[in-house]
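**Q** Chains as they are written, first to last, in my numbering: chain U, 163 to 641; chain P, 163 to 641; chain D, 163 to 641.
Note that these hints are calculated values from the structure, not bench results.
Hints may be right or wrong, so weigh each one.
Identical chains blur together in the list; that is why a pair holds if it fits in one copy or across any two.
[Unchecked claim] Here are the computed lysine to aspartate or glutamate pairs in the DMTMM-like style, where the Cα-Cα straight-line distance is at most 20 Å:
| id | residue 1 | residue 2 |
| --- | --- | --- |
| 1 | Lys491 | Asp212 |
| 2 | Lys295 | Asp616 |
| 3 | Lys295 | Glu429 |
| 4 | Lys295 | Asp613 |
| 5 | Lys406 | Glu619 |
| 6 | Lys295 | Asp615 |
| 7 | Lys311 | Asp363 |
| 8 | Lys295 | Glu619 |
| 9 | Lys491 | Asp515 |
| 10 | Lys329 | Asp195 |
| 11 | Lys329 | Asp258 |
| 12 | Lys511 | Asp485 |
| 13 | Lys327 | Asp258 |
| 14 | Lys311 | Glu256 |
| 15 | Lys295 | Glu497 |
| 16 | Lys329 | Glu256 |
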Amino acid sequence: MIHAKWYLPADRYFDPDPAQRRIARALYEVVADLPLICPHGHIDPWLLADENATFGSPAELLIIPDHYVFRMLYSQGVSMESLGVPRADGGPVERDHRAIWQIFADNFYFFRGTPTGAWLSHELHVVFGIEEKLSGATAQAIYDQLEAKLALPEFRPRALFERFKVKVLCTTDAATDTLPHHQAIRASGWKGDVRPTFRPDAVVNLLTPGWRDNIDALSEVSGIAVHSYSTFVQALEQRRVFFKSLGATATDHAAVSAYTAELSATEADAIFQRALRGQATPDDARRFTAHMMMEFARMSIEDGLVMQFHVGAIRNHNQLIFDRFGPDKGCDIPERSEFTHNLRPLLNKYGNDLRLTLILFVLDESIYSRELAPLAGHYPAVKLGPPWWFHDSLNGMMRYFEQVIETAGLYNTVGFNDDTRAFPSIPARHDLWRRVASNWLAGLVVRGIVDMDDASEMIVDAAYRLARQAYKFEEQAGE
Amino acid sequence: MIHAKWYLPADRYFDPDPAQRRIARALYEVVADLPLICPHGHIDPWLLADENATFGSPAELLIIPDHYVFRMLYSQGVSMESLGVPRADGGPVERDHRAIWQIFADNFYFFRGTPTGAWLSHELHVVFGIEEKLSGATAQAIYDQLEAKLALPEFRPRALFERFKVKVLCTTDAATDTLPHHQAIRASGWKGDVRPTFRPDAVVNLLTPGWRDNIDALSEVSGIAVHSYSTFVQALEQRRVFFKSLGATATDHAAVSAYTAELSATEADAIFQRALRGQATPDDARRFTAHMMMEFARMSIEDGLVMQFHVGAIRNHNQLIFDRFGPDKGCDIPERSEFTHNLRPLLNKYGNDLRLTLILFVLDESIYSRELAPLAGHYPAVKLGPPWWFHDSLNGMMRYFEQVIETAGLYNTVGFNDDTRAFPSIPARHDLWRRVASNWLAGLVVRGIVDMDDASEMIVDAAYRLARQAYKFEEQAGE
Amino acid sequence: MIHAKWYLPADRYFDPDPAQRRIARALYEVVADLPLICPHGHIDPWLLADENATFGSPAELLIIPDHYVFRMLYSQGVSMESLGVPRADGGPVERDHRAIWQIFADNFYFFRGTPTGAWLSHELHVVFGIEEKLSGATAQAIYDQLEAKLALPEFRPRALFERFKVKVLCTTDAATDTLPHHQAIRASGWKGDVRPTFRPDAVVNLLTPGWRDNIDALSEVSGIAVHSYSTFVQALEQRRVFFKSLGATATDHAAVSAYTAELSATEADAIFQRALRGQATPDDARRFTAHMMMEFARMSIEDGLVMQFHVGAIRNHNQLIFDRFGPDKGCDIPERSEFTHNLRPLLNKYGNDLRLTLILFVLDESIYSRELAPLAGHYPAVKLGPPWWFHDSLNGMMRYFEQVIETAGLYNTVGFNDDTRAFPSIPARHDLWRRVASNWLAGLVVRGIVDMDDASEMIVDAAYRLARQAYKFEEQAGE
């Protein structure tokens, strides 16, 4: 790994105390170059399906598609149009990528002290070898360098996948997806291990725009005419078999709340029929999702797919931005979550079953110590996902370690997920996790809580083994 | 700035690690002597309107009017009467200020480790030059010294204002206030920059005791007969013009909840008419406040006044204390807050408007990372006020920096507010903020998250520039 | 105190910074050997009533009865049966205690970084003098050593009570308990100070399984026929007199919520009559508990018993485990709590009464700074119990100190409770508290927030005096 000469100190993210720092560095060195396990994220598989795919311009790589980046600029009064973010109506936006880059560089100081700033610095310096600090003054010179690098074969997606030592990368794919890119990757003979993840939200949430069309698509791809709750379940089961055939080891489910509750088949079908007629109410949708979470737990017990559950974001909070630019534009805002009561029906039915792995992700840190750690520290089926989204940060990770581990133990967590759409940020995110985990463990060592023998195992668990085990990659890899 | 010989170490509030401490000190030295920007507080403008005003006795200065002080003593069984706190019925309370001071000093150990203790120590040592530690044994000797100092011209309010280097100080004033003291200050030729803030709660909250009288007063001072919702709005707009004419750059609004929702003019008027007849219900009041927050956002967009919103305190939680001593007696207790849903109507209508600056203050720290930082990190209109009230403390500030900045960025915050009624505590509070901010930034530097160049700018932003910009003082100062 | 040669460093739990560590060690040395005040816990008084009582096998001592231990093993797929946890139906479980011990040792790594792991290490090394690290390989050799030690007279409960320097130990006892073991201890002439605590939950919570039988038992032990609300109150008052006669200084009350509200005597009796007829509803139970909390506050004001209130756990969250193994099997999960509104009725009636001491315990850390510290920092009757259960840990204590003290002050807290069922863990738990408190105070000293004089008093307050005062042991001891 190449470190830039300045701006990214070799000991970054470690505590300043010399004793702790020395141990943190020693632990980090154990895992710094381990392969990356990427069990959950949003990389477009197309990038890896075509060996000649490229990332486009620096602005296309780092700004235009990244809501972490443009939401911060927008919050300070920079218009989305000036950053080239495409409008839903196809209206005019900035097309000069150098101009977009200049705005970004002029305002790069907004990112001081943020994880986005840390990732971008890593990408520029470690991935692209830029040695100047980004600012309005250096913007165009750095653009030149990036543009030149991006034209080279070694900066194509597959080349970076290999350089980054990605051992396995999972994408996130709709239940109706026929996974052509995953098929192409497999057919190409390329050795990269890229797997789909079954994410059926768009057919489960009855209020999803286009839900009826999605059901038709589900019928078509599954070959099962979905006209009832029972055919719906059959079609989902068929898709899971298909996803598994292309390497999937997990499903993913997102909901505003963690509410679970079982419906009778009659009730479930009545709601489903109302939805087919376009008459589903918000309460129907809420209860149907709650029921389907239980049903997905049942399927996971039967087919072995690990079940991920992401809870707590109000999507598209800003109506104006949603109307003008569409979803995933940096205006999702978390709300308060509750798991103790909401998850009880599911856990009482399936939480003691050793065949189920239910991985929870939350945006409400106040429930780490109150609800999540006690649940994971008791139910065999429950594991905790890493700090998510806004909390995928140095302080977010520290709060997670400090608030979760004492009650849940490290072994009820699943290591790290990078959860990114930004391909070149993958190593930056894993590196941050590995550094923060090393520093946290060094803190335990200097406080006499664990000894170096234990810490040396725990860092490999946190950086690599727990993710590999929880997502069942080792079973498939035959290791 | 004079430092006492002991008890207030020069490096106080900095981390003990030598590397971090060295950097913290270097950053602090950049801002230690910068002028103070005081955009929100509760200083009585009368103190500054009369050049001969004095602070009275040490007990009148530091104990009798300060609910931070007497609530702690009361919690340990010291009666309010024994501390000279005036009773609402005029009943007897202690009048011997030396006796009050002795009780305070005997029990000063209750304040160990509290911000009130830190402020008082700063006031005694730095402002008044006391070199002994306050205790029962030293109480009377220290009283002697304070009494002697307070009799000197250089300890009058205007003299301290200048010694403290207060660049601008905003008071908090009712919508019906004719601001005679502000007018007197302007007329006096004194150069101190003292400005009012428009705080209309007492005419907006329909359940305020005396609301009907307040409306009559509003009619009188505005010259607009308030007999309807539309005349109410006109009168408020007239008052804002008046406040601006005396230098106001901001409004302030307090509510238990952050709930916002727009009413039709007809609905708003129907509620207003019920209130005029003394028939407003709690739900009327709740909905009217929610609507008025949106209306005030509209006014701010039109007239440019910065809008502050303080949320979350249950006022006068202790009925006995309220009945006996009145409001603001240390028995306001926070409750859980919610912003993601409550603020959505206002933000959807006005949150994308670059003319609006909406500064949020909360007492529920669990929403820092969950709701506030994501909102400020997206909506152009939203900025975050500093940690408030109970959280205006070393740990409160550290939690704020650690939980807010990674998502919101420093540049969506507005620096510091001292928010005090206690004039001589102003420099103590700013000094604490500047020290904690320096130490936080030094922590970022030693962890390689920002470099010294960035940190050196960020400390000036946090200590001075962000407040000046957010409250638009620079525009008026022509800087 | 004997320290093991390795694995438990002498400076454990202290910050690594040399300056802070030096001060932490100095403060810790002041309190390390002070007697233990144990005002709240769940030790079976039988252990101390019979001078020949023993702890049984190592598995009986450390695993089978300790839900902290087996819930973590269970969460990782180890069955309760394999750990020898008795089934409610008397069905077969593992009876080979060496086999149970082996499973525990094989999986001891699950406890890395947890307080349970820290306590167990302390027990093995400090209490039992084991010098090897527990693992699958050392399991049987360590079992041999423990078994040999447990057979010695100096490892009987009374001998350890004295070796641990327990000054006073309070048990937790049902209102219907005739306290035979406490009577036996008093009659035995043994000097150990063991006291009961009055815990009437099983007759107050109308939905407790067996409530009707409990009422009959209450009639019998009190000699008052309980057939109405008023006779119920009389019987409770009679029992409090009885508990006081055996040394009780406190009561204890547990509820899911902190809700308090006064009923008229007529309403209270109507609910009580429905309960006697087996017709109480959940709402009846909720309102009756809310009312009884106020009634218990009245009784405490009259008879001087300190009132403890533990809030926030959903008991027996896992129905399968509850059905198979009964209560207290590691499947209690916290929920969100609220105190500002819920406690207001009680505090408005009794919170200003200096005769009342109401000690609050919570499992929801998000209310530390928002609600609890402000309540304790104002109401004379309110004191805060130490971090409880899942939060009785290094990080839990640090969060408590950092989030509570600045607003409440140290002197509105009550020091430490070990709250344990595991007798040999008592010194480990106090030692952890004393170390973390020393380290916290050292942090205040190195930051110049308190001086060494103050810190040296505060550490004795936190480790010893505050508990002794709050629970009124000193009054009875005539000190």
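**Q** Next step is simple, just say for each hint if it's right about the structure.
**A** Quick rundown of the hints versus the structure:
no.: 1; hint: Lys491 to Asp212; in the structure: neither (27 Å within a copy, 55 Å between copies)
no.: 2; hint: Lys295 to Asp616; in the structure: between (39 Å within a copy, 11 Å between copies)
no.: 3; hint: Lys295 to Glu429; in the structure: neither (60 Å within a copy, 56 Å between copies)
no.: 4; hint: Lys295 to Asp613; in the structure: between (39 Å within a copy, 10 Å between copies)
no.: 5; hint: Lys406 to Glu619; in the structure: neither (31 Å within a copy, 53 Å between copies)
no.: 6; hint: Lys295 to Asp615; in the structure: between (39 Å within a copy, 11 Å between copies)
no.: 7; hint: Lys311 to Asp363; in the structure: neither (38 Å within a copy, 59 Å between copies)
no.: 8; hint: Lys295 to Glu619; in the structure: between (37 Å within a copy, 15 Å between copies)
no.: 9; hint: Lys491 to Asp515; in the structure: between (39 Å within a copy, 17 Å between copies)
no.: 10; hint: Lys329 to Asp195; in the structure: within (12 Å within a copy, 54 Å between copies)
no.: 11; hint: Lys329 to Asp258; in the structure: neither (37 Å within a copy, 44 Å between copies)
no.: 12; hint: Lys511 to Asp485; in the structure: between (41 Å within a copy, 13 Å between copies)
no.: 13; hint: Lys327 to Asp258; in the structure: neither (34 Å within a copy, 48 Å between copies)
no.: 14; hint: Lys311 to Glu256; in the structure: neither (23 Å within a copy, 65 Å between copies)
no.: 15; hint: Lys295 to Glu497; in the structure: neither (36 Å within a copy, 45 Å between copies)
no.: 16; hint: Lys329 to Glu256; in the structure: neither (38 Å within a copy, 42 Å between copies)
Taken one by one, the earlier hints fail for this structure at numbers 1, 3, 5, 7, 11, 13, 14, 15 and 16, listed in ascending order.
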